[in-house]
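Engineer: So the chains spell out like this:
2 protein chains.
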Amino acid sequence: MTPRLEARASSECWHKDAASVGKRMCACDSREARLRGPAGAMAAEKLAGYRDRIRRELDQVVDFWLKHSHDKLYSGFFTCLDQDGKVYDELKYVWLQGRQVWMYCRLYRTMERFHRDEILEAAKSGGEFLRRFAWTPSAGSPGKCAFCLTREGQPVKVQRTIFSECFYVMAMDELARVTGDHDMQVKFTSVIEVLSTLTVSVLPFRVLQTSERVLQVHAESVMDQLVRWVRVDPAGLGRPQLPGSPPVNSLAEPMMLLCLVEQLAEGRTDVTDKYREVGSWCVQQILQHVQRDGTAILESVSKEGKELPGCQGRLQNPGHALEAGWFLLQYAVQHGDEELQRTAVDKFMKIPFQTGWDQEHGGILYFLDVDGHCPTQLEWSMKLWWPHCEALVAFLMAYSQSREPALLDLFSQVYDYTFSHFPDTEHGEWFGYLSRQGSVELDFKGGPFKGFFHVPRCLYMCERLLDGLLEASCDA
Amino acid sequence: MTPRLEARASSECWHKDAASVGKRMCACDSREARLRGPAGAMAAEKLAGYRDRIRRELDQVVDFWLKHSHDKLYSGFFTCLDQDGKVYDELKYVWLQGRQVWMYCRLYRTMERFHRDEILEAAKSGGEFLRRFAWTPSAGSPGKCAFCLTREGQPVKVQRTIFSECFYVMAMDELARVTGDHDMQVKFTSVIEVLSTLTVSVLPFRVLQTSERVLQVHAESVMDQLVRWVRVDPAGLGRPQLPGSPPVNSLAEPMMLLCLVEQLAEGRTDVTDKYREVGSWCVQQILQHVQRDGTAILESVSKEGKELPGCQGRLQNPGHALEAGWFLLQYAVQHGDEELQRTAVDKFMKIPFQTGWDQEHGGILYFLDVDGHCPTQLEWSMKLWWPHCEALVAFLMAYSQSREPALLDLFSQVYDYTFSHFPDTEHGEWFGYLSRQGSVELDFKGGPFKGFFHVPRCLYMCERLLDGLLEASCDA
Numbered sequence: 475m476t477p478r479l480e481a482r483a484s485s486e487c488w489h490k491d492a493a494s495v496g497k498r499m500c501a502c503d504s505r506e507a508r509l510r511g512p513a514g515a516m517a518a519e520k521l522a523g524y525r526d527r528i529r530r531e532l533d534q535v536v537d538f539w540l541k542h543s544h545d546k547l548y549s550g551f552f553t554c555l556d557q558d559g560k561v562y563d564e565l566k567y568v569w570l571q572g573r574q575v576w577m578y579c580r581l582y583r584t585m586e587r588f589h590r591d592e593i594l595e596a597a598k599s600g601g602e603f604l605r606r607f608a609w610t611p612s613a614g615s616p617g618k619c620a621f622c623l624t625r626e627g628q629p630v631k632v633q634r635t636i637f638s639e640c641f642y643v644m645a646m647d648e649l650a651r652v653t654g655d656h657d658m659q660v661k662f663t664s665v666i667e668v669l670s671t672l673t674v675s676v677l678p679f680r681v682l683q684t685s686e687r688v689l690q691v692h693a694e695s696v697m698d699q700l701v702r703w704v705r706v707d708p709a710g711l712g713r714p715q716l717p718g719s720p721p722v723n724s725l726a727e728p729m730m731l732l733c734l735v736e737q738l739a740e741g742r743t744d745v746t747d748k749y750r751e752v753g754s755w756c757v758q759q760i761l762q763h764v765q766r767d768g769t770a771i772l773e774s775v776s777k778e779g780k781e782l783p784g785c786q787g788r789l790q791n792p793g794h795a796l797e798a799g800w801f802l803l804q805y806a807v808q809h810g811d812e813e814l815q816r817t818a819v820d821k822f823m824k825i826p827f828q829t830g831w832d833q834e835h836g837g838i839l840y841f842l843d844v845d846g847h848c849p850t851q852l853e854w855s856m857k858l859w860w861p862h863c864e865a866l867v868a869f870l871m872a873y874s875q876s877r878e879p880a881l882l883d884l885f886s887q888v889y890d891y892t893f894s895h896f897p898d899t900e901h902g903e904w905f906g907y908l909s910r911q912g913s914v915e916l917d918f919k920g921g922p923f924k925g926f927f928h929v930p931r932c933l934y935m936c937e938r939l940l941d942g943l944l945e946a947s948c949d950a
Numbered sequence: 475m476t477p478r479l480e481a482r483a484s485s486e487c488w489h490k491d492a493a494s495v496g497k498r499m500c501a502c503d504s505r506e507a508r509l510r511g512p513a514g515a516m517a518a519e520k521l522a523g524y525r526d527r528i529r530r531e532l533d534q535v536v537d538f539w540l541k542h543s544h545d546k547l548y549s550g551f552f553t554c555l556d557q558d559g560k561v562y563d564e565l566k567y568v569w570l571q572g573r574q575v576w577m578y579c580r581l582y583r584t585m586e587r588f589h590r591d592e593i594l595e596a597a598k599s600g601g602e603f604l605r606r607f608a609w610t611p612s613a614g615s616p617g618k619c620a621f622c623l624t625r626e627g628q629p630v631k632v633q634r635t636i637f638s639e640c641f642y643v644m645a646m647d648e649l650a651r652v653t654g655d656h657d658m659q660v661k662f663t664s665v666i667e668v669l670s671t672l673t674v675s676v677l678p679f680r681v682l683q684t685s686e687r688v689l690q691v692h693a694e695s696v697m698d699q700l701v702r703w704v705r706v707d708p709a710g711l712g713r714p715q716l717p718g719s720p721p722v723n724s725l726a727e728p729m730m731l732l733c734l735v736e737q738l739a740e741g742r743t744d745v746t747d748k749y750r751e752v753g754s755w756c757v758q759q760i761l762q763h764v765q766r767d768g769t770a771i772l773e774s775v776s777k778e779g780k781e782l783p784g785c786q787g788r789l790q791n792p793g794h795a796l797e798a799g800w801f802l803l804q805y806a807v808q809h810g811d812e813e814l815q816r817t818a819v820d821k822f823m824k825i826p827f828q829t830g831w832d833q834e835h836g837g838i839l840y841f842l843d844v845d846g847h848c849p850t851q852l853e854w855s856m857k858l859w860w861p862h863c864e865a866l867v868a869f870l871m872a873y874s875q876s877r878e879p880a881l882l883d884l885f886s887q888v889y890d891y892t893f894s895h896f897p898d899t900e901h902g903e904w905f906g907y908l909s910r911q912g913s914v915e916l917d918f919k920g921g922p923f924k925g926f927f928h929v930p931r932c933l934y935m936c937e938r939l940l941d942g943l944l945e946a947s948c949d950a
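Chains as they are written, first to last, in my numbering: chain A, 475 to 950; chain B, 475 to 950.
Looking at chain A on its own, in the form it has when it is part of the complex (with noise of 0.2 Å):
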C-alpha cells in the first residue's frame, strides 16, 4: 500500500520533489483536456478548494495522532482512541503500529511541513517497539508476528494471515529510508541480541548482519517469506489445510503484496529487478478477480481464477476492489501498459462504484452479494470511512491520468459526501462507522482496525495530486 509514485523523494530532496508526484500524473496527451480558458480557471478553483481543505484536514489529523497517542512510557503507539482522543484500551495492534511507523515516515520523508524531529522520532520509537516486540516464538520456523500486544509488548494474540508481517514491512522499509539505516543500527542489533536468546528460529533473518543495509535487508527477508507463504506453501500461517477448504486467491493477498513489491523496489534497482516476477504475478493474480463477463470484482476466486461457491464467492468489497484499482493503475503508468490502465480505471474503479454507491442514503456500502442476496456480513450496509479514502485516491488518480471529466465528477461526488459525513468538527479527526442513513454508529477515532493510516494517506495522495494538478494547469 506504499504509492511508489506518490513518494519518490528520498529524505534529502523532498523540498525539490514537492508536487511533482500529481504533475507527473498528469500524462494525457490530449491539451485540449487540460486545464484552460474560462472553463479551466473555473475548474482549477475547485481543484485549489479541494486542495486547501484537505490540506488543512490532513494538518489537523497529524496533530491528533501526534498529541493522543503517543506512549511516552513504553513507546509505540495507542490507537483505541476515543472521540476526543482519551486511550479507551491499551492494547497495541500491530497492523496499526506499523502502519503509523510508515505513514509518520513517508510524511517526514516526502512532505516539507512534516520534515520535523518529533515525527522522525516518534516513528522510530513506533519502530523499535515493533522490532523488540512484534515477533512471537513459534513451534515451527519461522516466526508469525503477533495480532495485538498488550501496552508493554507481550503478545495477545496471533492471527493466521499474511497481514502483520505485511505493514511490519512496509514499517521497516520506510523506516530504513529516512534514517538512512544509520543511527537505527545499535538498536537494532542489540534487539537482535535480545531475541537471540529466544528459540533461533524466532526471526526470519536471512543475515544477522550489522552493516547500514541492515533494516532494509530485514525487511526483504520477511517479505521473502511471505512470498513463499503465499505462492509455495502457507503451512507456517498455521492454518489447518482441510479437504473441504482449498486454497483460495483472497484479493487482499495479492494486493498487499504488491504493494511491498512497489515499496521494497522505490529508487532501487536492484530490488526492482529482484521482485519485478512477484509483482508481474500479483497483478496477474488481481486481474483474476474480474468475473461474470467483466462486470464485477469478486473478493475471493479460487487458485485458478473461476468463481467459487455459496457466500464466500459472490462477495463484493468495493472499497476494496477500488483501493486495487489504484494500486494497479499506479503499476500500469509505471509499466507503460496502457491497457492495464484502462482496466484498472473501468473494471477496477467504475464497477466497484456503480456497485457499491447507495442511491437512496449516498456513501460507499460495505459488502454485497453479486447476485443480489443479503450479505451475511451484519455490518454490510454501514457505511465506513475507509473505502471512501480508498475512493477519493482512485478517481483523483484516475483523473489526474486521463483527465477524463466523468472521473472529477466520481471524485466530487465521493468527496462531497466523505467531507460532509466523516470529519468530526468538533474533536478533530474523522469518525470511522457510520450507520446505512449516515449517522454516526461508532463515535471513536482509532480503534482495533482504525488507526493513523487510511485517513492521513487518503489527504496525502490527494493533496499531492491536487499540487500536480494545478501545477500543470498552471504551465498550460
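Hints are supplied without guarantee of correctness; some may be wrong.
It does not matter which identical chain is meant; a pair holds if it fits inside one copy or across any two.
Claimed, not checked - List time: in silico DSS-like cross-link candidates among lysine-lysine, alpha-carbon distance up to 30 Å:
{"no.": "1", "residue 1": "LYS824", "residue 2": "LYS780"}
{"no.": "2", "residue 1": "LYS777", "residue 2": "LYS631"}
{"no.": "3", "residue 1": "LYS560", "residue 2": "LYS780"}
{"no.": "4", "residue 1": "LYS560", "residue 2": "LYS777"}
{"no.": "5", "residue 1": "LYS780", "residue 2": "LYS546"}
In case anyone wonders, no lab produced these hints; they're calculated from the structure.
Using the hints, position chain B against chain A.
Structural biologist: Chain B alone, transformed into the frame defined by chain A:
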C-alpha cells in the same frame, strides 16, 4: 442450553407430561399472587393470548424448517435460507446442525403435536450426518469437530473453541433419548468402522462399544473431553498460549457446560451424580461475572473472577446474561437454592435488561461497554433476534416461579417489541437482524449463526410455561 425442567418427559410419556413443566415452575408460596378473581381472569386472558400466538408461531416456524432446510441428497440441514426459504449457500455449520437435531428431538419427545415420523426421521438423518462428518483428523488426540462443512460433509473450517463439540453433545444425547439408542445402533457402528480407517485418535470415544447405550456413552465421552479443555488443559483446542493473554473466564463456557450437565443428567441418577460437581463449578464460574459491586454482568473476567483490562473486560452482552439468568434459575429451582434464585433474577435478568434496553428505539442492544464507551463491535447497536428470545424465556420463567407482576410486565414489554418486529408475516419465520431503529437490515431467515434453535426453543419453552401458568390459574 437444554432446559431440564422443560422436558422431563421421555419419549413414551410426552402425553402425560404436557404442561407439567410450567406448572412445576409455579412454586410461589403466596396464594395471593395466584391468578384469581376478576384481575386474575384478565391476567389469564392475557396469558392465553400470548400462549395462542406463541403456539401458532411455533407451528409456522417448524413448518418453515421442515419445508426448506432438509438436504435430501446428502442429509443434514441447509441453514442459509433466504427470506422465502431458498438456499443461498450450501455450507453446513456444525453448531446449527447439532442444534437442529436437538430441537427436533426435543419437540418430538415432549410435545404431542410434534411427535411425528417426519420430525424423527429428519433428526436421525441430521444426527447421522453429524456423526459421519463432524469430526476432523487432528495432529493431537483427541480430534476436533469442524465449525463448518461442505454440503457433502468435507471440513471447511475448524474453530479453536469448544462450541461445535458442545452442540454435538446436545444433539447426540437428545437423539439417544428419542431413539432409545436402539435403532441408531447399526448406523452408528458402521460410522465407527468408517472412522476407524482414519487415525485412531480422531474420535474421543471412551468406549467403542456396541451396546444400546452407545450414543449416550459417546455424548458423555465428548462431554468429559470438554470439561478437560475448559478446566484442565485447553491445549487440544489449538489456541496458542501467549504471555499477554492469560486464560479468561468467558461467560459462554460455563453456561454451555452447565447446559450440557442438565441435558445429560436429565432423569439419570448415575449421570446426575457423576456431573454434580461440574454443575456446581459451572454455577460458581457464572457467578464470577457479577462485577462492579453487583451492579453489572461482564462478559469476560479473569479465571480468578477479577475484571479484565480494556474493552474485553468492560464488555456487556445483555442477551447472553439473560440466557445465563434462566439457566441459573432453572438450576436453582431444581436444587432448592433460594439465594441463587434471587441472584438469577436480580443480577442476571433485571440488570442486563436495564442495561441493554434501548430507551429511545426499544429492543435490546447487542453489546455495551460498562463505562459507557462505544463498543468496538460494529454491530453493537443492532437488535438481534436471539437476545429477545432469551429475554422472553427468562422473564416468563421468573414470573412463573415468583408471580412477581413486574416480571410479567417485563415479559410483556419484550413480547410487544419482539412480535411487532421480528416475525415475517409474508413468508413465515423471523428476521434475525434489525438496525437500532428496528428496520430489517439482513433479510434472510437462516445464516451462519441463525438456524432452527433460538426461535423455536423460545417459543417451545414459553408455550409450556404459559400452559403451566394457565393450568395453575384454573386450579386456583
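Engineer: If a hint holds in the structure, say so; if it does not, say that too.
Structural biologist: Do the hints match the structure? See the list:
| no. | hint | in the structure |
| --- | --- | --- |
| 1 | LYS824 / LYS780 | within (22 Å within a copy, 53 Å between copies) |
| 2 | LYS777 / LYS631 | both (28 Å within a copy, 18 Å between copies) |
| 3 | LYS560 / LYS780 | between (47 Å within a copy, 24 Å between copies) |
| 4 | LYS560 / LYS777 | between (44 Å within a copy, 29 Å between copies) |
| 5 | LYS780 / LYS546 | between (50 Å within a copy, 28 Å between copies) |
Hint check: no violations occur; every hint is consistent with the structure.
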